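Q: Letter by letter, the chains look like this.
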Amino acid sequence: MTTVEEQRTAAEPPPESPQPVGLGLIGWLRWMWRQLTSMRTALLLLLLLAVLAVPGSLFPQRNIDQVAVARYFEDNPASAPWLDRLSLFDVYSSPWFSAVYLLLFISLVGCVLPRTKVHLANLRQAPPRTPARLARLPEHRAVQVDAPPAAVLEAARAVLRARRYRTADFTDARGASLAGQRGELRETGNLLFHLSLVGVLIAIGVGGLYGYRAQMIVQQGKAYANSVAAYDSWDPGALVDSAALPPFAFTLDALHVAFDEDATGNQFGAPRSFSADVTLIDAPGDAPQQRQIRVNEPLRAGGASVYLAGNGYAPVVTVRDAAGNVVFSQGTPFLVQDADYTSTGVIKIPGPGDDLGLQGLLLPTVSADPAGVPVSTFPDLRNPEVLFFAYTGDLGIDDGVPQNVYELDTSRMQRVTSPDGQPLRFAMKVGETYQLPNGLGSVTLDRIDRYAGFTVRHDPARAAALISSMLAIVGLTASLFVPRRRLWVRAAPASSGSGGTAGGTLLEVGALARSEDHGLAAEADAVLAAVLARLPSSSPERTPGQQSSRDTDKTQSPPRQEEP
Amino acid sequence: MSVDESLASASNALVYSAMAVYTLALGASTMDLAALGDRASARMRKKQQGKSQQMSAGVAGGGGTATVVRTSASEEPISLAEDGASRKVARIAVSLTVLALLLHIGGVVTRGLSAHRAPWGNMYEFSVTGTSVVVLVYLLVLTRRDVRWLSTFVLAPVLLSLGLAVAVFYTDSAPLVPALQSYWLVIHVSVAFISISLFVLAFSTTVLQLVQERREIKRAAGETLGAGRFMEALPTSTDLEKLSYRLIAISFPLWGFTLVAGAIWAEVAWGRYWNWDPKEVWTFIIWVVYAAYLHARATGGWNGRRAAYLSMAGFACIIINYVVVNVFFPGNHSYAGIG
Ligand code: HEM
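As given, the protein sequences belong to chains V and E, one line each in that order. Going letter by letter, the first sequence gives residues 1 to 564 in full-length UniProt numbering. Going letter by letter, the second sequence gives residues 1 to 339 in full-length UniProt numbering.
Since the hints were derived computationally from the structure, they do not count as laboratory data. As the structure is a prediction and not an experimental result, all values here were calculated from the model. For each residue, glycine too, the CB sits at the ideal point set by N, CA and C. Any given hint could turn out to be false.
To be verified - Derived list of chain V stretches under chain E, where covered just means 3 residues or more per stretch with a C-beta under 8 angstroms from a C-beta of chain E:
(1) 31-44
(2) 141-149
(3) 176-185
(4) 272-280
(5) 286-296
(6) 514-528
As the list claims (entries may be wrong) - Listed below are several chain E residues computed to face chain V (Cβ distance under 8 angstroms; list not exhaustive):
(7) S6
(8) L7
(9) V109
(10) R272
(11) A296
(12) A298
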């Protein structure tokens, strides 16, 4: 299209860089560098980046959902390991994705730094000399005025300065003229935009190295002190000092949840509001403060942020041995499995002899489905019931190997059976006690507490990422919308042959766009109008800007060649 | 807070009425376009004469003091030179569009009021609100330039999306899940709407640009042009290309803002401003493809047509992001509310 040629910037190498012939290593390197930093390469790398980002949305990703990846491996045992070898489950940290964006950014820096140099030099340069024939420019205006040339130029200077042109004076055979150039902000914006993208990338990298992310479950009424020991999962960046976490602590006083009880269809039971009341102590010795954490309203403490990421139920169970001594009494968080908060969990009770293990299924609002199987039909605790299976044997806790607290390793345990030989399965309501067979003791379901899942996140470069991306948008906007223009005003003594009053001035305005610019004609009109307005005696018969080239031929006196 | 059922059903009625009036407007604008095409082809035959007149305008000069001689090469006749009173049908089409938009906005507002929140909490609401923004943006462009020829190519996709919304995406009005209860929903999504609307308009003008270019090439080769005489009434492919570019240039920073606002919200909601969730991935892809479009336009050797293919690819990504990702890819953004 028409604008392509004008668009290319000075710093860009020609599209067909000549092949280096016999230039040796340096020549080749220089040639490769020029290729890498060419606009065409940037374009291809951008497209490649877009294409390579796609598979990450098609395959489950480890960074988002490990469980989904594991399921994919189960469902596709043949292909999954191959896909894994191609990093298709870690697309955004894969070597090939990283290679493309790193190349792109190298290309960007290689492209932008020389352009910055050129641009800085440009900023100091005077506008270019006035062309001999202003009439050849895309926009040209000519009018005769009474004022002397010097006054016209002074008026023009004031007008151009007010319109943020840098100006320079020239004089040639045709008379004195003023050259103006504006819109350097466009290129400044473009450079700011590209460099800010580098800033964003660096901020993301720094955040990855020095940031951390942790998760933990806190039961209602329990306290939590920020330290690695308190976390259920801990995902630090490579350079995080895990001994120096901010020393805040809080108690989960209450957890409020609300689910939709009115809606019909798939909105029934949908979550409507979650919030946690906590008592925060910023650092040991500080006064406690009451705070609330909600979804979308994290708690900011000690440079870290605490998010309410989930919630669920923790049945509080007391287990007594055959003699009636309490051997276990506490709440155990169960993991939520579905939208109706069907939850599963295990309770591990190490014994002096055999250990006891309880596998539980919690149904917050139990009712029987058409086949008679108990299911949960609402996520809140309307009619809770917990189903247990019991195991005895060796829990494996003493082996010293860390265990998953949500799973029971039954490889060295036996299922407890009821007297009729069936596997034992018992359902309990709150307040009930169940006597286990074979002198194993009793189980009491005291109550069901809520727990909150919190995510703790620290990212020291978060603000830098935000500022860089905002600068990028600001730069981009300038780069797209600030017009780059050159404009010349010439004031020549009117020659007697041109039909004007002797002693007058021929005022010419010529304008040239140096970027996508649909306002150039209006600019030329506006400049001319402003100059005329500043001239004392001149009273033009018609205001420029009201006529266009389309109607010129209809309304004006016989056409006349302006230049001899 | 519970849902006001009477407002919810009023909203549905308004949306259906809007669709009916849009259909009439579409009919009128299509008739106008056909008539324009007929007149334009008649004009084509007289074109030679017109051309020589314009040439003389370029060097015309006026005598007399303070008569401005004006030479302009850069003004674009994007709006059609010839229309005026003869385009009664077009005026009817615009009036109908305004009426339909008022009904449409009524439907959006009542939907929001019925659930006491911004009416963009699920896909049905995205579609209904988003299409109203498309029409609004079109009408706003119309106040500055006569782009009535574009009407058919705006109303047809709008009606299609509304049809899809009421037939496939429909969800009863309901309050929001906690993850969406944030003023960032209002900021992030409303800017996304404006941006997508501009991309939709740019897509229409890009398709027209490519069709027009084909016709121009054929005509230059002396081939007979088949169907589609209405294209004669439209601007040249060069002007269409400039218009597409301008729409995309406005939209692209807005899309960047959508992306950043989404990241800020993600930080507030999930503790991670960027997690490569499918919705984030596709938002990023769209942004990169349009960045490639802007680069392509500035790259030597890439003409308007090749850049146009990129802008169409960008639009395809928008559709994928909207329909495919919302419905089929699970992620943090799974709130389409369908099913
Ligand atoms: C992360 C990768 C990049 C992104 C997202 C990106 C994005 C953009 C965008 C959106 C524009 C349009 C703004 C405008 O027209 O002023 C632009 C312009 C430009 N970019 Fe990039 N860019 C990237 C890398 C590069 C690289 C590697 C180069 C060097 C080869 C480059 C050179 C340019 C130039 C010269 C322009 C100005 C074009 C014009 O005058 O219109 N960019 N870039």
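Q: Tell me if chain E covers the stretch 286-296 of chain V under the three-residue, 8 angstroms CB rule, please?
A: holds (count 3)
Q: Just to make sure I understand the rule, a stretch counts as covered if three or more of its residues have a C-beta closer than 8 angstroms to a C-beta of the chain. Does the stretch 31-44 of chain V meet that for chain E?
A: holds (count 4)
Q: Go through the hint on R272 (chain E) and say holds or violated, using the shortest Cβ distance to chain V against 8 angstroms.
A: holds, 7 angstroms
Q: Given as covered by chain E, does the stretch 141-149 of chain V meet the bar of three residues or more with CB within less than 8 angstroms?
A: holds (count 6)
Q: Please count how many residues of the stretch 272-280 of chain V have a CB within 8 angstroms of a CB from chain E and say whether that reaches 3.
A: holds (count 3)
Q: Interface hint check: A298 (chain E), Cβ to nearest Cβ on chain V, cutoff 8 angstroms. Holds or violated?
A: holds, 4 angstroms
Q: Given S6 (chain E) as an interface hint, is its Cβ closer than 8 angstroms to any Cβ of chain V?
A: S6 (chain E) check fails; min Cβ-Cβ to chain V is 15 angstroms, beyond 8 angstroms.
Q: Has the stretch 514-528 of chain V got at least three residues whose CB is nearer than 8 angstroms to a CB belonging to chain E?
A: This one holds; 8 residues, not fewer than the three required, reach chain E with a Cβ under 8 angstroms.
Q: Given L7 (chain E) was flagged as interface, is its beta-carbon under 8 angstroms from a beta-carbon of chain V?
A: Constraint on L7 (chain E) not satisfied, violated at 15 angstroms.
Q: Can the hint on V109 (chain E) be confirmed by a CB-to-CB distance to chain V that is less than 8 angstroms?
A: Cβ of V109 (chain E) sits 21 angstroms from chain V, so the hint is violated.
Q: State whether the coverage of the stretch 176-185 of chain V by chain E holds or is violated, taking the criterion as 3 or more residues with Cβ-Cβ distances under 8 angstroms.
A: violated (count 0)
Q: Can the hint on A296 (chain E) be confirmed by a CB-to-CB distance to chain V that is less than 8 angstroms?
A: holds, 6 angstroms
Violation of the numbered hints given earlier is confined to hints 3, 7, 8 and 9; the remaining hints are satisfied by the structure.
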